[in-house]
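Colleague: Below are the chains, spelled out letter by letter.
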Amino acid sequence: MLKKLFSKLHSDEVRKEKEYEIKFTGDIDETVQSINNIVGESDDIIQRDFLIGKKIRATLFFVDGLCDSASIEQDVIRPLIYFTDVKRYDQKDFLTYLQEEVVTISELTTETSLEKAMLPFLSGETILIIDGIKELILFETRQFNERSISEPESEIVVRGPRDGFVETLHTNILQIRRRIRDPNLTVQFGALGRRAKSDFALLYIKGVTNQRYIDEMRYRISCVDTDQVVETGTLEQLIEDNVLTVFPQMLRTERPDKTVAALMSGQVVVLHDGSPFSLMAPITFHMLFRSPEDYYDRWQISSFTRLLRYLAAFLAMFLPAIYIAMVSYHQGMLPTLMAISIAGSREGVPFPGFIEAIVMEITIELLREAGVRLPRAVGQTIGIVGGLVIGDAAVRAGIVSPIMVIVVALTAIASFAIPAYNVTIAFRLLRFLMMLSAATLGLYGIVIVYIFINIHLVGLRSFGTYYTSPFAPYRYSEWLDMFIRAPLSLMNKRFPELKPEDKNKSG
Amino acid sequence: MNPHSYQISKLEMAITVVSMVIGVGILTLPRALAASVETTDGWMSIVLGLVLNMVLVLLIFRLHRHFPGKSFIGLWGNQSVAKWIGKLFSIAFVCYFVTLLAYEARILTVVVRMYLLDRTPSEVTVLFIFLATTYAVTKGVQGIVHLNLMFFPFVVFVITLIVIFNLHDASFGAIFPIAAEGITPIIMGVQETSLSFLGIEILFFFLAYMKGKDLQATLVNAGIAFVAFLYLLIVVMCYMVIGLEVTKIIAFPLVALAKEVEIIEGLVERIEPLMITVWIMSIFNTMAIVHFLATKIIKDEFVKKARVSTIAIVITFFSFIITFIPVSLQEAFMLGDYVSYFGLGLTCFALLCGYLYVFIKKKSKQQGNSEAM
Amino acid sequence: MKKKWLLSIVVLLTLTSCWDLTEIEEIGFVIALAIDTLEEEDYEQYKKQFKKEQNFDPQQLYKTTFQVVIPGTVTEDLAFEQVPFFNISAVGRTNFKTLRHIATRRSRRLNFEHLKAIIINEEIARTGAIGKVIDLYIRDHEMRRTTLVFVSKGNGFEVLEDKLPLEMMPGLSIKMIQDNYPASHGMPFPKPIGELATCVVEEHSYIVPRITEKRGVDFVIAGAGVFLGETNEMIGWLGEVDMEGYNLIRGEAENAIVEASLEDNLFVVELDNMDSVFTYEQKDGEDHFHIEIKAEGFFTENWLEGIDIGEQEEIEKVEAALEEEIERLASKIVAKMQNEFHADIFELYKTVQRKNYARWKEVEDEWDGEDGYFSNANIEISVKAKIRHYMTKEQLT
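Residue numbers (the numbering used here), protein chains in the order written: chain A, 359 to 865; chain B, 40 to 412; chain C, -16 to 380.
Just so you know, the hints here were simulated from the structure itself, not pulled from any lab data.
Cβ atoms here follow ideal geometry from the backbone N, Cα and C, with glycine treated the same way.
Wrong hints could be hidden among the right ones.
[As the list claims (entries may be wrong)] Going by beta-carbon spacing under 7 Å, a handful of chain A positions derived as facing chain C: (1) Q689; (2) G690; (3) A701; (4) G702.
Take the sequences, apply the hints, and build the full model.
Modeller: Here is the structure:
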């Protein structure tokens, strides 16, 4: 099963930068082997063997999609294959001859070191190796035609790149390749679904990502046995550790920059053809509160927004419950004047606090759901009409108190402040549980449910990683990037819980 | 399932012990101290009690260094006599843990009824906390340790908050004169304080999850020194803010201390419900550890085949019954005293037996060696 | 496994009903309360009724007046035209029983979590029952330790009837007025119920702020009742001038002003920073105390003539006059306490306790009271006053 999915066996060797400075002797087999050692595990690296003038062995290497394949075909392969003047091969100026008289491409360079050739190669140039010649020829075949890539809709940032993933797998991989020119970035393709056989790609950086996670991801995907996988969301549910939880065990994003950051931190990324979302694993709880913007703004600003997001999560989960507990159980905790004014505003409201809260929460959830489904132009109107009119009318009719409207609105706003949409949903669901417990046992109920959630969290794993790390177990170096975001110069360690093979980011 | 796949680091061990020790004691210690010492010198008793317990911790670590990777029950091995001693100890420890669990639950209900829900039946509050601990037990040792790590900062934060916000009301002269009545009352106080550090006996079992080379008592001792520091702050604060005489008669002086707090008038009118909330977390930690250990001993020593959750539920059932045996608060406190004395006695006795066993083993080994020569 | 747990939790949650649920709008928040003795004829009437029901004479009868908020009027715009509170009184032998009498007359359950002030009638205070009267209000978990306690001269419930302009209800006004204590010299430090309970238990003399109703219009918080520690009986009043001296001795008159005179002309100094240090010495079997008052302040009002405040010599003269005035105020109250009330409200005993514990053990039981050790102690007062600056140096005269 495994072998079927992955046509190439991966090598366990980890290539460090120094190791691929391989002097090539002119023997084509040796050179090809060297290049394959470096980038051969990736399935989007194309190797094209042919004979020059039916005699001399030559090999072309290029990155699928980054290069203009029409130009390679027209200007490189065709003239070389139809080349007949074989005698010139033995002459010393064969290379110059090829450049001047055979190849019709506009720009080319020669290179004598494989190491130096790697960077242009990964940015879209094509390598030609000719048997017996001690130089590499690099053709400028970079392709710049942009496809219609639009800004991701579910994750909008103020500062940061505006491109998002699209439904085509290769375009998505290109967006990542363009950002990471490390030859250790490995892309492996496979097909998913018994009948659909849709393409997916597994991405990781050799020498950073722990081999355990790569193997585990491979194994889990290979175990998927279903007719069709439409979206990465489906895949996520089929390969996650624990099905009985509201917390996501993999992150998903539409943003290439976030995906790249995940790769760099040692996570495995899965892309699927037909889905603009990438999956990242393993993750821990604190990663749910990260937005790529955090790393583009100054650290003070980012730290502030980080803290704000934790506050938002707290409000989204606890605020209605605390309101219920205060209003129905612990009136003494409210400041005197506030208690009096809440009591005054609830005068005449026929329902107990719990029913009031539930009614309003369900209303706002309905509004949210309706707003998503409606055509975009109408959606906003409905949001405003629903929010303002229903809220105001409900207060006037004496069904709910004005304070309740504030609480519900604040909760809704807070739940939008969390960067990941699927996390928001988790908090929204837990909110109802909290409200129920607050209505039955007040603060005691809230703390008991909170304890239950914590017990659940410490038992949760994402690909075998403790979900609550870096908090439990303590991983101090990551605390710099948890509630606050320390200056970038201080964060020079990768998150140790992901057990990266290269522990340092910098320094 | 390989129980030894999870390893507790030194710091985690220290925090686990701290979480275990902070429980009922932190609420009642100032009163117990004020009542038994009768001067404001209680804080010195805390220091003495700390020293006593540090020695105990050191001895436990020393003992376990002879048996890395084994719990106190496990170290007795499979030889006939030793095995039976092990079994006896496991019965004693299970009884102790089950009663302790019941006692903690009882105090919890008293506090919850007094300060949060005054008409909710105690049975319901106890049931919920037992549900929580039972669920925690199913998460195994890693879950328990990690829960301690998660709740620990809350507890420290709230206690610090209470102390800081009481500072402006504190009359620092109140703790003088020092040792006016001499040393005797301080020694009387040690009786109370040495019990208030009880919880170190969990080391007998948790040390099995540590690497052999990590078996150093320093950090755990630093941990209980930290607890002592918290105790000290609270006790001194109680004397300075609510006075010695009143501390003597209030059931839970720490809550009274929290009642004195007024944070920036108008933000939160009273913080003692918040304090109780966080304290519930800390007592949950204590209960979860105790519940887990009782379950683990039974599973390892008596019914290896039963499921963890089944054993945990059975223990809950017994503890639930014991919880409601004491009729009044006074009886509950008496139960607490008995449990603590039993625990301290058991700890000392276990240590004694352990060292005796090591001694005998060494002797016989030497004899074996000399005979071989 | 997990499913089973979740299921059982949900089932339990739904099975349990909400025992403690009381909606906020169904509660009557008590903001202040006054405990009084009954008037003669009322007393007779209640006594008769009680006897009819119970067949014996009541040991004691108190009348408690609760001030309850009407929240609806607070939030509506009419706020200041309607009275946002009502007062309700009940009579009973004990506080809790009295409280429960209200339940038969008003639907709202009384809630004391926002209780701000307790006013105790002078007559009750004089019987030594203060500890017992406040017992309920500190014992119950609903109560807080920061509720302020006052002793009223005259009927306490009358204080609760005076709605002050700009303020919502008397209960809240009392607390807000008491917050002015650093600025007003004659107002004692607030006495929260928690602190009072400590005083009652420790059996050392203490004072409780006084509240006086004035002509049915407003009330004054000034002066204090003196309580003898041993019996907890109120033994007399301290007036506003006494309070000034008391606050100076305790070093608590931080923002107070002192009116002093130099050559029959007045001047005013506002204190900015002050402190007092007690030292104790035992000489020839007698107790010697030395109270050193240090005060710093601004020269704020000038009625002096012919004195140039800018001159160092002149200012020293002014300072001397100030010192003299402070010393006069302080000695007056000390003399009053030693000769008239025989109660150590300055907490001088703490100094003895700290300095000479053996001596304290000896005199502990006979510290207060006539011919007690406090009354016979030698108390010396010295004052060091400094005028830091004199604001703008306008020469109006």
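Colleague: Each of the hints needs a verdict: does it hold here or not?
Modeller: Structure-based check of all given hints:
no.: 1; hint: Q689; verdict: holds (5 Å)
no.: 2; hint: G690; verdict: holds (3 Å)
no.: 3; hint: A701; verdict: holds (4 Å)
no.: 4; hint: G702; verdict: holds (3 Å)
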